[in-house]
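> In our numbering, the protein residues as written are 4 to 536.
Do not take every clue at face value.
Within a straight-line C-alpha distance of at most 25 Å, the following computed DSS-like cross-link-like pairs (lysine-lysine) qualify [stated by the list, open to error]:
(1) 370 x 347
(2) 160 x 110
(3) 468 x 498
(4) 163 x 191
(5) 498 x 536
(6) 102 x 484
Everything labelled a hint here was simulated from the structure, so no lab data went into it.
Treat the numbers as computed from the prediction; the structure is a model and nothing was measured.
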Amino acid sequence: MVLSFAMTSLTGCGSKVDDTDKNVDSNVDNNASDEPVYGGEITVAFQSAPENFDPDHSSSDWVVTAVTNHVYEGLFEFNANNEAVPQLAESYTVVDDGKTYDIVLRKGVKFQDGDELKAEDVKASMDRWFEVNPAGIAIAKDLISVDIINDYEISVKFSKVYAPFINILASPVSRQKMLVKKKEIIDKFGSSIITEHIGTGPFYFDEIAMGQKVVLKKYEEYSPVDSTSSGLAGKRVAYLDKVTIEFVPEESVRVAGLESEQFSFVDEVSNDRYDELVQFPKVSPTVCNFGTMGIVAFNCGKEPFEDVNLRRAVAYAINPTEMATAQVGDSKLWSVEDGSWFKKGTIWYDETAGDGIYNNQDIEKAKDYVKNSNYNGEPIIILGTKADLFTSSGALVLQSQLKEIGLNVEVELYDKSTYFDYLKAGKWDINISRWSDMNPDPQVFEPWTGTNGWITNWNDADSKKMDEIFDRMVCEMDYDKRYEIVKEFYDEFWKSVPYIKVFNDKRVYGINDSLKGYAGYGQPYFWNVWVSK
Numbered sequence: 004m005v006l007s008f009a010m011t012s013l014t015g016c017g018s019k020v021d022d023t024d025k026n027v028d029s030n031v032d033n034n035a036s037d038e039p040v041y042g043g044e045i046t047v048a049f050q051s052a053p054e055n056f057d058p059d060h061s062s063s064d065w066v067v068t069a070v071t072n073h074v075y076e077g078l079f080e081f082n083a084n085n086e087a088v089p090q091l092a093e094s095y096t097v098v099d100d101g102k103t104y105d106i107v108l109r110k111g112v113k114f115q116d117g118d119e120l121k122a123e124d125v126k127a128s129m130d131r132w133f134e135v136n137p138a139g140i141a142i143a144k145d146l147i148s149v150d151i152i153n154d155y156e157i158s159v160k161f162s163k164v165y166a167p168f169i170n171i172l173a174s175p176v177s178r179q180k181m182l183v184k185k186k187e188i189i190d191k192f193g194s195s196i197i198t199e200h201i202g203t204g205p206f207y208f209d210e211i212a213m214g215q216k217v218v219l220k221k222y223e224e225y226s227p228v229d230s231t232s233s234g235l236a237g238k239r240v241a242y243l244d245k246v247t248i249e250f251v252p253e254e255s256v257r258v259a260g261l262e263s264e265q266f267s268f269v270d271e272v273s274n275d276r277y278d279e280l281v282q283f284p285k286v287s288p289t290v291c292n293f294g295t296m297g298i299v300a301f302n303c304g305k306e307p308f309e310d311v312n313l314r315r316a317v318a319y320a321i322n323p324t325e326m327a328t329a330q331v332g333d334s335k336l337w338s339v340e341d342g343s344w345f346k347k348g349t350i351w352y353d354e355t356a357g358d359g360i361y362n363n364q365d366i367e368k369a370k371d372y373v374k375n376s377n378y379n380g381e382p383i384i385i386l387g388t389k390a391d392l393f394t395s396s397g398a399l400v401l402q403s404q405l406k407e408i409g410l411n412v413e414v415e416l417y418d419k420s421t422y423f424d425y426l427k428a429g430k431w432d433i434n435i436s437r438w439s440d441m442n443p444d445p446q447v448f449e450p451w452t453g454t455n456g457w458i459t460n461w462n463d464a465d466s467k468k469m470d471e472i473f474d475r476m477v478c479e480m481d482y483d484k485r486y487e488i489v490k491e492f493y494d495e496f497w498k499s500v501p502y503i504k505v506f507n508d509k510r511v512y513g514i515n516d517s518l519k520g521y522a523g524y525g526q527p528y529f530w531n532v533w534v535s536k
């Protein structure tokens, strides 16, 4: 039996439009009709520099995923219809009533040192994923074994039915996907941060200058899967010889570099600069239909937000429209919809999620919840980073909103390295964040939302209720029955509010018109693109 919980939604990225209404949901490639050209190189600018390039061990920074997707591949990848399909895998079967997954590998796939991918590499990668990666750790408690059947087949056995396993293996969300690495590299680094990278992807790391840039070069012996490119799945063709990714935190520098043609692509352009990019003669601003969600997360593992009453107070104090306006800008590029964690049109969407609390600012009710909490006026720290206007602007607006209900709130903004150090050390009460809305399955919320979740440190009777919901969700192979459990998740989530979805928004990128074939899927990638001569 092969199980796939498919999702339908808009895909890809839109491009420059001629009218002032800016049809931001258009769904086209950047001049994809032009004939592909081999050769050439590009320099692109990303806003954020990650702390490392170990996709299992990094922070939740999406840049790590965007970069390493060029170097590594998963057994399965999500296509543009949000279906997890084989990539390094040839096929898979589910046996033993959903407790065992037998995965057959493609033959002839080469690592970037010329060695062939074998089952021992997949087993080593998967064992490490279960040990280090938050998504893998959440699954590991139900794992019996990962066994090598032969050089091209493995068997993954669970103690109970594990319905969403393939979807989670392929998750495009940062720090979730199981990317295949060489066994000898894993043997060398173990669970420590990997600093030597040998993948199977179309590009390899030629240079890594931490905090400054990475240089990716074409891997000439790359072994693409024989299927149509779609989303992150299918054939990946390295038309370009070299891609240099520079990390440029200043938006004005990124935009100026795009206008001067220093950069062929820039990410994280403020949405309110869309109209400015439209006026550039050789630039197409591109809006990704897969965007992000503005998040307010609580440190539920310590006072004062271990108290659910204070978390509810914040939920009723928040004005999502004010926060979205400050953090995003142009109202065409954000929306305040409902409390569902999945987009309208997907199979896990629930229009009733969050009814009564999401987008329902009620200052008096918020003050009542403060009175019923154990809060005694101690300082509440909103943690953010100076490098990100989205975060810093949101922190300042939220501070103002929470002062209105009597909370003593301080905003602390740090450089990115210090920010992540404080986040890991628990030196925060509220964290303003931005999450992808490309969630592959409701089960991916377990490592964030259950007991001792890596985002919230939540551990009380309510988190145990959430654990029980996830335990039932993971075992249900029938979609209709599983959807009812997902609705229970929504209900319990919005009662307990370990974190809050504030709004949805879309990412704006800038692309030089000489770069052809770009069709990003939530995160930028530069296979299947070329430079016109």
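> Could you grab the alpha-carbon distance between residue 468 and residue 498 and see if it respects the 25 Å cut-off?
holds (11 Å)
> For the pair supplied as a hint, residue 370 and residue 347, is the alpha-carbon distance within the 25 Å limit?
violated (33 Å)
> For residue 160 and residue 110, compute the direct alpha-carbon distance and say whether it is at most 25 Å.
It holds: about 23 Å lies between the C-alpha atoms, which stays within 25 Å.
> Would you mind confirming whether the straight-line C-alpha gap from residue 102 to residue 484 stays at or under 25 Å?
holds (18 Å)
> Residue 163 and residue 191: Cα distance at most 25 Å?
violated (32 Å)
> With the threshold set at 25 Å, check whether the alpha-carbon distance from residue 498 to residue 536 stays at or below it.
With Cα atoms ~57 Å apart, residue 498 and residue 536 exceed 25 Å; violated.
Violated hints, listed in ascending order, are 1, 4, 5; each of the other numbered hints is respected by the structure.
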